[in-house]
Amino acid sequence: MGKVERISLPEAIACIPDGSCLTFSGFTIWRRPMAAIYELIRQKKKDLHLVEVNGGTHSDLLIGAGCVKIWESCWIGHELYGKLGANLARKAEAGQLIVEDYSHVHMLYRLAAGSMGLPYLPTYASLGTDILNPAYDNLGTLGYRDGSHPKIPKKKYEIVEDTFNGGWLLHIPASNPDWCIAYVQMVGEEGTVRIEGQIYSDVEAIKAADHVIVIAENIVPEEYIRREPTHNQIPGHQVTYIVELPWAAHPTGSYGRYETDGDFIKKLYQASRTEEGMQSWLDEWVYQIPDHATYLNKLGVTHLESLRANPALGYSNQVKRGQRK
Amino acid sequence: MKKSDSNFTIDDFRMGKNQNIQVNPKRYAKFGEFKPIDLLAVAAAREVHDGDVVFAGTGLPMLAIALAQLTTAPTATCIYEAGSVDGRPIDLPTSVGDARCSYQASIASGLMDVFGQLQRGVVDLAFLGGAEIDKYGNVNTTAMGKYGTVPEKRLTGSGGNSDINALSKRTVFIMVQEKRRFKENVDYITSPGWWVPKWPSGKRVSKKEVYGRGFRGGPSAVISDMGVFYFDENGEMYLDTVHPGFTKEQVRENCSFDLNISRVRGETAPPTYEELELLYQRVDPEGIFLP
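The listed protein sequences derive, respectively, from chains A and B. Read in order, the letters of the first sequence are residues 666 to 990 in my numbering. Read in order, the letters of the second sequence are residues 77 to 367 in my numbering.
Same shape as in the complex, but just chain B (with noise of 0.2 Å):
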């Protein structure tokens, strides 16, 4: 069966199921009827386009990536970092290396081929998180406060995020909403947003100067627990809606930063009835992400 063919009914031949399920895309649920982290998982997910070729990392992605699937998007293909392409889970894995995400892959390869693809150009969509972000959409994964050879605070390090953000034609950031993660300057640059350090004199510049040939986008969303931002044309960061229970005024007064509030659209959708059922019923029915 050709999944391009589903329409309104969901062929749900990716989840292994076999089962049609109708979704009506007006049943949404009313506030205090959902958890946050449901919403996040949602909001994420409607950033997928049909067809798109998603680069996804542990965690929510992998939510957001399975629902898109199952609802709006049943032709994106998904891409783990660890090396497996386009599988079909039947099973939520919690790690890109997981077992569980090469179950009916197309193909099960390694780094140098999906990072090799990345570098190609054919990567659509990557979502990614980081402990800072600042306007530009420059991420911090590495280390807080003073780094060099005796780091302060030592994080995880960049993972693939730096170069997934680099090389993706388009990135959303999933990220806890703080004053002190939302900052003028992170402390330091993992992952290239639209105004980087060229170096060796480290001048703040345009993505595009830097990467030449090797430009294929940037950040194009950030999905934090209290809003959707989107970057504008000068590569800065606005605020598109606001999460149900919160004021456009409360997400500024979370952002160190002087955050653009004047395009707002409003709220942010909720998550429908049968987005939740099938995020608990199919996506995550073992709470693993969402207990």
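Isolated chain A (complex conformation) (with noise of 0.2 Å):
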């Protein structure tokens, strides 16, 4: 068995190479380790190969901080906060960013072989589609599928017969990332994880993964988690690291702990529109805010709280979401 190591963030986030593949917990702008793309920001990391189920919030701030070279997934927006991807766009459109578009399907699948240990999945999903255009396989025209790169599989896809049935199904290359670096509620001491709520894509991100950095609400005596082992999702065996962080997902939400910040990403979105706009937003919240405490404090304690779950729904009534209350 492994032993899982508690480390402090930056310490974390400092066994991350430039040109690591990773890839996160979460779903759009919930459950993601907000914190630890501040710190790899902060540490000024290069050349990231991104491979995640969908996009959100967070890969759009790396992407913008120039920090990302590869983009391989499905979607990237703020959902209702703000529209687009606006750093992947910007950087998409001017040569600065090289994007393979899978489908949702297509990219779970991807993670969900690496999990089991298997080469590829079969799939109906999003057969007939342009994803599947050969003249749109963006990393082999840039030539990266000749086997030189480890975490780019030589061929985007196959269409293989059917050989138990006839017809025709297509085939999803696994991917095993270096790293996934994930937020969840609550981790033991010895590294078994609980998630709580939808789990969203987690198990086979972090399954997938090679190293796996657990960003916990709360770290918890194990004798504690064990006691209801149906509730976890991930054995300490396959963990790295954990850190205890407070808040680390926010502006994204976690259910039953905070909301989403829907207020702060739409500044943020409203920012991303411009280079000159991310550059500011950046400065502000990330090279100035030498720590997650400062960051905190910037926020304040009024706000975060407003914010907070209320533990009979999971989430915040406090907040105000729409333009009537």
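Since the hints were made in silico from the structure, they are not lab data. Treat the numbers as computed from the prediction; the structure is a model and nothing was measured. Some clues are possibly wrong.
[What the hints assert, rightly or not] Examples of chain B residues lying across from chain A (beta carbon under 7 Å, computed):
{"id": "1", "residue": "H125"}
{"id": "2", "residue": "P268"}
{"id": "3", "residue": "Y287"}
Ideal placement from N, C-alpha and C gives every residue a C-beta, glycine not left out.
Two chains, two frames, a set of hints: combine them into the complex.
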């Protein structure tokens, strides 16, 4: 059994070399490891290769800060709070970022195959679309599918005969990212992970990765988390490092803990629509902020308390969401 | 209480308020008494059959499924893409990953479960959107203009749109009606309609031919801010009803392809006062999607 190590966030992020292939927990604007994203930017990581089931506030920010070279996924944006991944769009349109499009199921199955030690998984999803247009295999066009890149498969996909029944199936290649950075509500001292609410594609992302950093709202005694093993998803031997950091998903939301900070994301999105705006936002909220405690102090206790979830509901009923109330 | 016992009285349990509301479907609002977005939500809700398993995305689909469950489809089951099944939210979710989706859900699971259900063929209806659509229901949400290693104008990407349109029995698209959005050919086929490219040649063939054993159905309706469209036996879009305030000719003028208007049945039924009250008082009282 591997022994999990409890370290600080800057120490954990320092383990990730430039050029690493990363994946994350969460779904669009929910349960993203935002504190780790800020720290990756502060440590000026370069040439990262993101492989994620879907993107969101976290990956658009990392792209806007110039840390990313390749993004393989299916969607990026900020849901209701920003209709585009504006940084991704700007960088892609300027030829400063390589985008490889798959569908949601394709990305899910890439990590699921990786999590099971399989080379690929079959699916019917998104046959008959331009996602499979051979002319639109961007990594192939740019020469990255020559076998010399361990995290890039030699083919984007293959359409293969169903030898059991006849007909055709799509085979989607596995992905095993170097690192998964996950934010969850709770982890035991020995690394047992408990995710509350929708689990999104976290199990596949965590199990597919070679190394896993779990950032938790709380690290709890292992004895406590093992009282109800049916509520847990990941055993400690599939986790490398654990970090305890309350509010580490802000401004994204965390089921049972806090609400997505929609106003914060709206302002971030507005800033991200120009290069200058993005740089000044990063300056204010990342470069000038030495650590997570300073970030929380800047947000302020009253603001954070408005986001805190009502334990009976799993979300905050204090926050103003609409135009009428 | 069994929801199916409710008949004309709506069992309000789904929105958690434990009151009963009588709905008289004949009380239609007059032109000018409702906003275009209200009609979109109501027209979308009317596409839900009672008992349907519905896959819904962020925005108007959330209004549509909630309204349908309060009116004509009390036993419809809603699945949200992020992994919640048959939630009974008392507050409107703002995105599919929202904690509100899981309130009183039968299960809170993940993408492997709900996309597995979709591929298994249990999803009857899905609501989707898009930036561009062609007459076969092929939809673009990826990029405008030239695609490639350096795209001309990047959009959000497929998300689940392509998978859901691929594998639901029926899909309903909610779209903004503009000439540049209803196109002869979309710039990038993100989401597969009734006639799709078969790779590697890219030759257009029927969706059934490409999907084989995986064929479940496809686009059944498009609801725009000007009308409701269906697809004929050949998978081609035609205009079914025109929203109040528009003519069928105006709808055709706002289409780049040659829209079939020969089968128009008349005007889209406006929202009833009861539907409007439910939308504003119960489904979205905060004014999140209905300002």
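Comparing the hints with the structure gives:
1. H125: violated, 24 Å
2. P268: Hint holds; P268 (chain B) Cβ to chain A Cβ min 4 Å, cut 7 Å.
3. Y287: Constraint on Y287 (chain B) satisfied, holds at 6 Å.
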